[in-house]
Amino acid sequence: MKKLINSVDNVVSEALLGMEAAHPDRLRIDHANRVVLRKDGPVSGKVGLVSGGGSGHEPMHGGFVGMGMLDAACAGEVFTSPVPDQIMAATHAVDGGAGVLHIVKNYTGDVMNFEMAAEMAAAERGIRVEAVVVDDDVAVTDSLYTAGRRGVGTTVLLEKIVGAAAEAGRDLDALTEIATRISGQGRSMGLALTSCTVPAAGKPTFELADDEMELGIGIHGEPGRERLPMASAAQAAQMLVEPVLADLDFTGSPVICFVNGMGGTPLLEQYLMYGEIAKVLQAEGVTVARSLVGSYITSLEMAGLSLTLLKADEDMLTLWDAPVNTPGLRWGC
Amino acid sequence: MKKLINSVDNVVSEALLGMEAAHPDRLRIDHANRVVLRKDGPVSGKVGLVSGGGSGHEPMHGGFVGMGMLDAACAGEVFTSPVPDQIMAATHAVDGGAGVLHIVKNYTGDVMNFEMAAEMAAAERGIRVEAVVVDDDVAVTDSLYTAGRRGVGTTVLLEKIVGAAAEAGRDLDALTEIATRISGQGRSMGLALTSCTVPAAGKPTFELADDEMELGIGIHGEPGRERLPMASAAQAAQMLVEPVLADLDFTGSPVICFVNGMGGTPLLEQYLMYGEIAKVLQAEGVTVARSLVGSYITSLEMAGLSLTLLKADEDMLTLWDAPVNTPGLRWGC
Amino acid sequence: MELTKAQAWMADFAATISQNAALLTDLDRQIGDADHGSNMNRGMQAVIALDRDFPDAASYLKKAGMTLVSTVGGASGPLYGTFLLRFAGALTGQTTHDAHGMARAWRAGLEGVISRGKAGPGDKTMVDALQPAVEAMEAETSDLAICLTSGLAAGEQGRDATTPMVARKGRASYLGERSAGHQDPGATSIVLLLEAAARTLA
Amino acid sequence: MELTKAQAWMADFAATISQNAALLTDLDRQIGDADHGSNMNRGMQAVIALDRDFPDAASYLKKAGMTLVSTVGGASGPLYGTFLLRFAGALTGQTTHDAHGMARAWRAGLEGVISRGKAGPGDKTMVDALQPAVEAMEAETSDLAICLTSGLAAGEQGRDATTPMVARKGRASYLGERSAGHQDPGATSIVLLLEAAARTLA
Ligand SMILES: Nc1ncnc2c1ncn2[C@@H]1O[C@H](COP(=O)(O)OP(=O)(O)O)[C@@H](O)[C@H]1O
Ligand SMILES: Nc1ncnc2c1ncn2[C@@H]1O[C@H](COP(=O)(O)OP(=O)(O)O)[C@@H](O)[C@H]1O
Ligand SMILES: [Mg+2]
Ligand SMILES: [Mg+2]
Ligand SMILES: [Mg+2]
Ligand SMILES: [Mg+2]
Numbered sequence: 001m002k003k004l005i006n007s008v009d010n011v012v013s014e015a016l017l018g019m020e021a022a023h024p025d026r027l028r029i030d031h032a033n034r035v036v037l038r039k040d041g042p043v044s045g046k047v048g049l050v051s052g053g054g055s056g057h058e059p060m061h062g063g064f065v066g067m068g069m070l071d072a073a074c075a076g077e078v079f080t081s082p083v084p085d086q087i088m089a090a091t092h093a094v095d096g097g098a099g100v101l102h103i104v105k106n107y108t109g110d111v112m113n114f115e116m117a118a119e120m121a122a123a124e125r126g127i128r129v130e131a132v133v134v135d136d137d138v139a140v141t142d143s144l145y146t147a148g149r150r151g152v153g154t155t156v157l158l159e160k161i162v163g164a165a166a167e168a169g170r171d172l173d174a175l176t177e178i179a180t181r182i183s184g185q186g187r188s189m190g191l192a193l194t195s196c197t198v199p200a201a202g203k204p205t206f207e208l209a210d211d212e213m214e215l216g217i218g219i220h221g222e223p224g225r226e227r228l229p230m231a232s233a234a235q236a237a238q239m240l241v242e243p244v245l246a247d248l249d250f251t252g253s254p255v256i257c258f259v260n261g262m263g264g265t266p267l268l269e270q271y272l273m274y275g276e277i278a279k280v281l282q283a284e285g286v287t288v289a290r291s292l293v294g295s296y297i298t299s300l301e302m303a304g305l306s307l308t309l310l311k312a313d314e315d316m317l318t319l320w321d322a323p324v325n326t327p328g329l330r331w332g333c
Numbered sequence: 001m002k003k004l005i006n007s008v009d010n011v012v013s014e015a016l017l018g019m020e021a022a023h024p025d026r027l028r029i030d031h032a033n034r035v036v037l038r039k040d041g042p043v044s045g046k047v048g049l050v051s052g053g054g055s056g057h058e059p060m061h062g063g064f065v066g067m068g069m070l071d072a073a074c075a076g077e078v079f080t081s082p083v084p085d086q087i088m089a090a091t092h093a094v095d096g097g098a099g100v101l102h103i104v105k106n107y108t109g110d111v112m113n114f115e116m117a118a119e120m121a122a123a124e125r126g127i128r129v130e131a132v133v134v135d136d137d138v139a140v141t142d143s144l145y146t147a148g149r150r151g152v153g154t155t156v157l158l159e160k161i162v163g164a165a166a167e168a169g170r171d172l173d174a175l176t177e178i179a180t181r182i183s184g185q186g187r188s189m190g191l192a193l194t195s196c197t198v199p200a201a202g203k204p205t206f207e208l209a210d211d212e213m214e215l216g217i218g219i220h221g222e223p224g225r226e227r228l229p230m231a232s233a234a235q236a237a238q239m240l241v242e243p244v245l246a247d248l249d250f251t252g253s254p255v256i257c258f259v260n261g262m263g264g265t266p267l268l269e270q271y272l273m274y275g276e277i278a279k280v281l282q283a284e285g286v287t288v289a290r291s292l293v294g295s296y297i298t299s300l301e302m303a304g305l306s307l308t309l310l311k312a313d314e315d316m317l318t319l320w321d322a323p324v325n326t327p328g329l330r331w332g333c
Numbered sequence: 001m002e003l004t005k006a007q008a009w010m011a012d013f014a015a016t017i018s019q020n021a022a023l024l025t026d027l028d029r030q031i032g033d034a035d036h037g038s039n040m041n042r043g044m045q046a047v048i049a050l051d052r053d054f055p056d057a058a059s060y061l062k063k064a065g066m067t068l069v070s071t072v073g074g075a076s077g078p079l080y081g082t083f084l085l086r087f088a089g090a091l092t093g094q095t096t097h098d099a100h101g102m103a104r105a106w107r108a109g110l111e112g113v114i115s116r117g118k119a120g121p122g123d124k125t126m127v128d129a130l131q132p133a134v135e136a137m138e139a140e141t142s143d144l145a146i147c148l149t150s151g152l153a154a155g156e157q158g159r160d161a162t163t164p165m166v167a168r169k170g171r172a173s174y175l176g177e178r179s180a181g182h183q184d185p186g187a188t189s190i191v192l193l194l195e196a197a198a199r200t201l202a
Numbered sequence: 001m002e003l004t005k006a007q008a009w010m011a012d013f014a015a016t017i018s019q020n021a022a023l024l025t026d027l028d029r030q031i032g033d034a035d036h037g038s039n040m041n042r043g044m045q046a047v048i049a050l051d052r053d054f055p056d057a058a059s060y061l062k063k064a065g066m067t068l069v070s071t072v073g074g075a076s077g078p079l080y081g082t083f084l085l086r087f088a089g090a091l092t093g094q095t096t097h098d099a100h101g102m103a104r105a106w107r108a109g110l111e112g113v114i115s116r117g118k119a120g121p122g123d124k125t126m127v128d129a130l131q132p133a134v135e136a137m138e139a140e141t142s143d144l145a146i147c148l149t150s151g152l153a154a155g156e157q158g159r160d161a162t163t164p165m166v167a168r169k170g171r172a173s174y175l176g177e178r179s180a181g182h183q184d185p186g187a188t189s190i191v192l193l194l195e196a197a198a199r200t201l202a
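Residue numbers (this note's numbering), protein chains in the order written: chain A, 1 to 333; chain B, 1 to 333; chain C, 1 to 202; chain D, 1 to 202.
Pulled out of the complex, with its shape left as it was, chain A reads as follows (with noise of 0.2 Å):
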């Protein structure tokens, strides 16, 4: 394992200290919490929008805090849930007298530690938290038996999204309802040409050859459904574009779509994903209103790329085009 830092045990933390050295004017960091806030919060009277994960999706979600996204996010260890603590820190720290939601991705981790921060808040201060779950990997197969969905780029889009709705003076009840319908008409699917290798564990999670991608991979570096023999670029966006269509129609509105690089996959390589997508796309009558290229939610150097797909609607569109300004996302001021 070669990474550029001190010891396993730090990363997180000392990552924190550079985020904070990095962006003085707009972040604020609880360290003893590992909260990353937002510099000019708590902001009275709006709901605040907290979220938070295992680290190693950088920028998810520490880069997204600031006017029009989030008003704070969890750090938990790379790839491990925050713990109830340090949601009730950021919970207490953002909540600006309008109630605080929860943006959790399904994962059993992440929904028991929000669970167990929001029922400690409430009785603790009184504070009402509501909470949306974010499950749009359609690499999963979901059943009522099982654990679900995980949750993985609809994530971005939502907290980008619902976080225009907070700074725009949306109570409590309507963020939630917003929040909940993007969380179910989003949809993703993601493919890896690499593993990545979690500091702690030293060596990669898993092995693939180098004839060998693998399919329906989640964030957290884990195998996914299926291993296949590498895939022209025209092949993979298919693979991915695929499965997202036939999970949901996105015909007849106007859809985000969102090609994200997984951490290690340079972005001539995105581009050039995203044009074989978009021509998928258009030839099965999706129509394309906004479009965003990047590695936002990423799984530490992992190569691979992902495909999100969110079916909006005006309001969607007008708030995804509102003034954003966090280190990870930023336009329109």
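Think of the hints as simulated: they come from the structure by calculation, not from any bench. Even for Gly, the Cβ is constructed at its ideal location relative to N, Cα and C. Mixed in with the good hints, there may be bad ones.
Estimated spans, in silico, between C-beta atoms of each pair [to be verified]:
1. B:202 / C:177: 30 to 38 Å
2. B:227 / D:160: 20 to 28 Å
3. B:229 / A:141: 45 to 53 Å
4. A:289 / C:177: 31 to 39 Å
5. C:23 / A:252: 48 to 56 Å
6. C:26 / B:210: 45 to 53 Å
7. D:181 / A:32: 50 to 58 Å
8. A:25 / C:157: 54 to 62 Å
For chain A, the structure is supplied; the task is to place chains B, C and D with the ligands on it using the hints.
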């Protein structure tokens, strides 16, 4: 070699198709000449800024085309400078009547191809063309008798600042002057943990063992000056800062500090390294006025990091803060 | 249960986890995200770093549970934390320290895990080791040592039985059929907890 | 020089480059950026795809030079392009096709390379193969075939001599001392050009 491509011959042209599909609002692409153009260009009365170089450094340069930065970027083959035809096409396309500035990184190929293009553009159309050659890499021993230093990270800062100055209506002489000054006041140093694979070559340019790193690398996957045992983040920060400060005195004026991922190094490590570098700079009495952290001038999927310091002044800082709207760098609008 | 026994149990478990952290992480690498060993180790190191001054075993184990909740994260933090919190709750007010009480405490812990994680038998989780262990303890309440060793033996069997299962809960469920053929990490660490108990609590 | 000879030269060079592209790229991987083979191959494929209809060798080679400038990029594009442009320029108006004229054309090409790239002998570039080759041709003007084969032999020696050199021009110069011990890719491709010439131009 595992890459999300269709064929090694079409990587660049297909990536440009994807780029156009992803940014139809901001970019226009001359596919025959592989030139990325500002959608609303040429801007009449404004000096046109043209850069370019080998592909594989994305988002540089194509991702820096747009309001407040470049007017055009010429995309060469991967790690191969563009040809004069492309540069001429770009020069003609961006000419708004106020002349054109070529921003060239100091590589033999880039310098010669831009020179030939400038000669031809002047001869054929009478366009006034000036050039600035960026040569900021302190890893390279400089002498009258060699090709001189490579152009690396300072290029990004220069394109942003001079882009803002051009947008503000400064004339070609003023832009050439400030560009030359920036080039003289920027210094960079890089290190790599892995090499990268040029698609047409099919295998990594060099091999590094699991306990080795390469100090003093450029941006073309080429080996560096020294192979060293893998170091901690704190040591690596020293190795980057020290030769930069030894080459130019950065105390006494505000500094822009740019910590750049080479492509395969996750943001988590980049932030961690930013923190380490900030500590060393503070101890050395360097005042960081602005900072930039991210993968902006890359070597495909190379894992590694570079540090660029630019000795700025108030004018440069104001230009740095000015609005910019490109796929790769955006703020203020 | 005496405070010193509870502390010996946690100390033993912490040492065992530390020795087996690489193994647990390795199991988790195969069907999860390669962190179960480091998660549990981080938590148990925090537990043994606790002050040793507690009025009784129940308050100590409650604090240990809270410590796991606060330091582990992931799925195992809330689950192991809830286990100990409920286990401690069942000890509160118990005056005799016999096999009956022991089985009751483990049962309470198991129910906490189930109510928090919603996993049932056969879902390929720690429940598959914990539930048969608790049932075996409940069937052997004549002697505390025998109670614990039969719990351990049943837990080991339960752990082994997870190997062919297709996971329906936790991260391994994302793998679908591919999760079969790998032993569940959480079931494996539960057996370490049972081993430590058999060594220290009788 | 007859048009057909010039075209045979370029065709032979293109084939040789294509056969040796991997070798050239490999040399460039060691002290450069692993593209000299693909650069030259891209350019020469474009040259042989040119229309075959030209008034004379000079206008054909001029077009070939422009084609290299327009398709190769990097350092070798302008350098090889300038070489052929100047070579063609020296042929213009030449009526006899002898060794004198041949040497004069190569000299003109060499001077183009030097004025474009500013490299001198010992800088570990293509000049280190090209310059001795031109000098050897100039010393053997009695017979065209002998002129070309002695140029080739001197070029080979010049190429071999680049191995111990420390580069002062081109990308390899960034490596400083570490560039020593590797043969220069551009000097290597110049020898392929000389080989093709010896086979086709006599
Ligand atoms: N819903 C659940 N109920 C019971 N145990 C579970 C559940 N989900 C996961 N587990 C257990 O947790 C273990 C994984 O723990 P760990 O790796 O520390 O957390 P994470 O999965 O968040 O990385 C699994 O091996 C399994 O035994
Ligand atoms: N200034 C120069 N003068 C002459 N030849 C040069 C010069 N710089 C580089 N070369 C030659 O060009 C070769 C490299 O060509 P190539 O790899 O195609 O271009 P690049 O270096 O731009 O990748 C070198 O091996 C060297 O022989
Ligand atoms: Mg985990
Ligand atoms: Mg090159
Ligand atoms: Mg795990
Ligand atoms: Mg080269």
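Do the hints match the structure? See the list:
With their beta carbons about 35 Å apart, residue 202 of chain B and residue 177 of chain C fall inside the hinted range of 30 to 38 Å. For the hinted restraint 20 to 28 Å between residue 227 of chain B and residue 160 of chain D, the CB-CB distance of approximately 27 Å keeps it satisfied. Under the hint 45 to 53 Å, the C-beta atoms of residue 229 of chain B and residue 141 of chain A, about 46 Å apart, fit the expected range. The beta-carbon spacing between residue 289 of chain A and residue 177 of chain C, approximately 38 Å, falls within the hinted interval of 31 to 39 Å.
Look at residue 23 of chain C against residue 252 of chain A: about 52 Å separates their beta carbons, and that is inside 48 to 56 Å. The beta-carbon spacing between residue 26 of chain C and residue 210 of chain B, approximately 19 Å, falls outside the hinted interval of 45 to 53 Å. A hinted range of 50 to 58 Å holds for the C-beta pair residue 181 of chain D and residue 32 of chain A, which are about 55 Å apart. Look at residue 25 of chain A against residue 157 of chain C: about 59 Å separates their beta carbons, and that is inside 54 to 62 Å.
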